[in-house]
Every structure is written in C-alpha cells, then in structure tokens.
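The residues making up each chain are set out below.
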Amino acid sequence: MKKLLVTMLLLATSATAAHAGLKVIGKGDAMRLDPSDFPPAMKANYDIVRVKCVKCHTLERTIVAIQTGVAPISGQPFDRSATKAYGVKMLRKPDSNMSKPEVKASVDLMNWLLTEAER
Amino acid sequence: MFLKKRAVAPLCFLGLVLSPLLLPGSADAIPAFSRQHKTECSTCHTIYPELNEFGDAFLKNSYVYPGKKGDAAPQGDRADKGGARGGANEWAWISGLPEQIPISFTGTADLAYDNDAFDGNKLDLSVRSLRLHAGGAFRDAAGFFVTYNLYTQGAQTGQISAPGNSGNTPPNNTPNINELFLVWRNALGTPVNLKVGRFEPKLSLWKRSNRVIGVPSYASTAYLVGNSPFSVDAPQDGLELNLLLGNRLLLAGGVVDRNGQNRKEGYGHASLKIGGTDFKGHEPEVDLESDSVWDFLTITLGGFGYSGRNGQFDTLGIARNLNEFYRVGGEIDILYKRFHLKGGYTFGRDKNPLLANVADEFESDAYAVEGEYYLGAPVNLIPLFRYEYQEGLRGGTRRYIPALAYAPLQNTRLTLQYIYSDAPEGTNKTALASLAFSL
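For the record, the sequence lines run as chains G and A.
Residue numbers for the first sequence follow the numbering used here, beginning at 1 and rising by one.
Residue numbers for the second sequence follow the numbering used here, beginning at 1 and rising by one.
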C-alpha cells in the first residue's frame, strides 16, 4: 500500500511538473488558458489571441501545440521558429483580419508560453 | 436585353430556394484530404475549389502535407510516438495504406437563364453532376488522385469538355475517368517526381478545377480550334517529370500518348514564384517590426509549350486527316492581400484544324484576365470579373463575366454569374446560378 501511494504521488508530481507554467481551463473546444499569473504584457497579448485566433480555430489547437511541442495538424515541431512561421501565415491569411502588431503580440505570447511550458 | 432588373431578384431567389433540392456540383475540392489531415477546407482553399497558396503547395507536393520527409506518417506511427513504425497504426504504415478510405463526392446543380435559348427553354434546371474523388499518399513515397464522373446530365457547364472528344475518354453524360494518376515522389532518391496515368499535363499555372467559377473555363486554356479536340487543360494519358529548384522554380515536362497514332506528343512548363509562400509551403521571411510590400505581394510567372498531333478516327480507330499543332503560352498570377489577379495568353498553330482531306492552316490565340477580391470572414464571398478573348476560325469572341461566389459553409458554394458573349455568330447573354457541395 505504501509503495502504491508513493508511486501515485510520484506520478502526480511528474504530471503536474510537465506543464507547470501553463494553467489550462476546460477541455476541447472550451479549452483556454488562465492568464491570472501572466505578466501584464502577456496578459494583453493573450487578450488579442483569445479574440483573434478563435475566429478560425479553437484555442485547443494552439495550447496542445505548446504543451506537446508538436503542431497537431502538420505533425511538425512547434518551436520558436514555428511560432514565427505560423504568425506570418496568419498575417498573410486574407481573412484573418490580423494586423502586424497583433501577430507580433501573438508570436511573443506563444514564445513565452513555450518557455513556461518547458519549466 | 435579356436580364431585366426585375428578373434578377426572382432568379436569385429561385436559385436560393431550390438549391437544397438539387444535386451537388463540379468542383475538385476533396474533403478526403480534410478528413485525413483533420483540418478545415480553408487550409487549402479560399472558396473551394480555388486553391490558396498552401493548397497549391500541397498539390505540388503530390498530396503529402508540406513538411519534412517522413512527416506524412500518422502520429501514432512516428518514431517519437512509440518506436519506429510503432503505435496502433503500424498495419497502415507497413502496408502503405491511408488509414481512411480517401473518397469524397462532389455534386453540382446549375440553373441557367438564357433569354435567347435556341429551343425556347429560357430557364434550364436540368444540369447536374455527381463526381467521385479519391486522393492521398502512400506514406510519403507516392501520391495519387482520381476523379470519376459518376453522373452528368444536361449541357454540363462544368464538364470536362475536351477529353470527351479526344478519343481517349468516353463522351460526356456517361461515367468516365477524368483523372487517375500516381506520382512517385522523389523518384530513386532524386528531386524528380514521376507522374503517370491520366492527368492534366502541367502547362497552366492553374488546374482546370482551380477556379472560383469553373464555368466557362479560361479561354486561354480551354479554347478549341476547328474540329480539333485539343485544349491546353484537357486531361491526357501520359507520363510527366517535374521538379522544384530552390523551392521557387518549378520545371515540368512530359509525353502524351494519344490514341489512334504511334507518335507521342511532348510538352514543357516552367513557373517561378516571387514572394509569398514558396512552392513547398514555407512562409516568407517577414519582419514583424517593419512593413514591406513583399509582406503580402506574391507574383507567379508561368510559361508552357505543347506540340502534338491529332486526327479524325476511321472505322478502325486510326487517326486520319492528321493535324499537327502546337501551343505556347504565358501566365501571371498576382496576389496582394485579398486581391487576386490572374492572366493568361496562349498562341497556337494548327496545320489542319478541320481534320479535313485538304489541310488549311490556322493560327489561333486567346487570352483571359480575371480579378477577384476575397472578402473572407465573416462573409465568405468573392466578387470577380473576367474578360476573355479567343480567335476562332470564324473570328474573335469576347466574353465579359461578372460573378459572385459565396460559401455559407466551407464545403458548400453558391455562384451567380452573368456571361455576355460577343461572337461572330452574334451576342449571347446568360445568367447562371450554380450550387456545389462536397462531402
């Protein structure tokens, strides 16, 4: 019994530690981030992301990419160079309605989230 | 004046009201890809079947999702997800099979109003089609694509016109294979892709299906001369080699095997993309701190040549009264934010276009210019205008085509267009409403 408890405790600890920096609320289409611990600049960036990005896709797609380091559709690595590429893609997508400052804010947020997720 | 103002509203209303009752349409968008990659239609299309830049890269990558070699494997089979070829889908990986049957259907129904209809039937609702598509990749080694016309009825405006007359394909209004080909990607480890089967030879920048409105197709690629069945965009039985250089230069060349003769036909194509997403789907370098016109500007230039020979089949199926012909053409595609401009010019010479006993040489040319503005979300609407001209045996024909395409859902498209033709035989004015959906 003791062994089992220790094992469960270790598993629980490691599961929490994997994405210690990301507080995720909800599941599936309703998945979003809890920005309460975000620095002010990132909070502002998140306000852009949660409004602009969800026009075309759920936040789950972005959060899963950050958590796993793999873009869910392409299966390609989701790292800092990928965030820039995706940002450019969204900037150039005719109906994304995203300006360059908004895209930069989104890329900055994703990069910061990647760092947080790695902690 | 055929299209009186008071006729427009009822016509549009009728199209909208009746549209749910009609069978679907003439597009080559293929939801099988959407299901396979679990992504939305807008990943590859503006309003389908028109491709966006990424969709064009997907096409050029032989239906393998643009990325690094090996990324076509399902995630469960990737080495980092459970060992080499491991995971729950090992059977699919080893067999080279797509995990889902990659089949889609597209239906269209057209409503045409022609005040000058020769048979007096001004309002024609009898045009419809149902097509089957299949496409995908065997791992990332080969790509395949099939279009099978299950059913067409009426003067199918979205049909494949030329191959029906080419002797290689059964006539229209019967089931037929429009395209069926396999692409061996990076053959023998080289950058060359080898395509074999029935396909549209890579001549134009745009596949015939790569249009907001496919009816009529661009004069520069669809025009016919005399009785010759050849058009630039007709599917042919052939073999093609193509390769990318520097991800922005595409070279393609191939041979076509035409029935009824022992001589092969040949063609070549080159296209260069300046700015924008490259042919491999990589986004351009953009400085997020400063602005440049190249942040949004994409220019693609293309050129092609085709040399062939056709004739009139005798009772044994051997081509007689041979017509040697060639076509050369140049095209340009300009994309800037929501504005898209396409233009193409084709010149040709036929030594016996009437396929007659006595040859009478003819030089032809045609051009088309189309401008479209993609409104996109929240209203998925594209207004466009096309002007085109073609020189036929009897003289020149001009067409003016304003049109609207609307996609209430990404897999559904409603188009309204007005076609004004000024031909040597007289003028013709037709209004056309078309509903298409794919599933």
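Hints listed in this document are in silico derivations from the structure and should not be mistaken for laboratory results.
Heads up, some of the hints might be wrong.
Stated by the list, open to error - Calculated pairs, DMTMM-like style, for lysine to aspartate or glutamate (alpha carbon to alpha carbon, straight line, at most 20 angstroms):
| no. | chain 1 | residue 1 | chain 2 | residue 2 |
| --- | --- | --- | --- | --- |
| 1 | G | K52 | A | E40 |
| 2 | G | K84 | A | D116 |
| 3 | G | K93 | A | D278 |
| 4 | G | K84 | A | D314 |
| 5 | G | K104 | A | D295 |
| 6 | G | K93 | A | D287 |
| 7 | G | K89 | A | E370 |
As the list claims (entries may be wrong) - Listed next, with one range per pair, are the computed distances between beta-carbon atoms:
| no. | chain 1 | residue 1 | chain 2 | residue 2 | range |
| --- | --- | --- | --- | --- | --- |
| 8 | G | Q76 | A | V192 | 22 to 32 angstroms |
| 9 | A | G266 | G | V54 | 46 to 56 angstroms |
| 10 | A | L393 | G | T58 | 52 to 62 angstroms |
| 11 | A | F339 | G | S36 | 41 to 51 angstroms |
Please read these numbers as outputs of a predicted model, since none were measured by experiment.
Every residue, glycine too, gets a C-beta built ideally from N, C-alpha and C.
Status of the hints after comparison with the structure:
{"no.": "1", "hint": "G:K52 - A:E40", "in the structure": "17 angstroms, holds"}
{"no.": "2", "hint": "G:K84 - A:D116", "in the structure": "56 angstroms, violated"}
{"no.": "3", "hint": "G:K93 - A:D278", "in the structure": "15 angstroms, holds"}
{"no.": "4", "hint": "G:K84 - A:D314", "in the structure": "62 angstroms, violated"}
{"no.": "5", "hint": "G:K104 - A:D295", "in the structure": "14 angstroms, holds"}
{"no.": "6", "hint": "G:K93 - A:D287", "in the structure": "16 angstroms, holds"}
{"no.": "7", "hint": "G:K89 - A:E370", "in the structure": "25 angstroms, violated"}
{"no.": "8", "hint": "G:Q76 - A:V192: 22 to 32 angstroms", "in the structure": "24 angstroms, holds"}
{"no.": "9", "hint": "A:G266 - G:V54: 46 to 56 angstroms", "in the structure": "51 angstroms, holds"}
{"no.": "10", "hint": "A:L393 - G:T58: 52 to 62 angstroms", "in the structure": "57 angstroms, holds"}
{"no.": "11", "hint": "A:F339 - G:S36: 41 to 51 angstroms", "in the structure": "43 angstroms, holds"}
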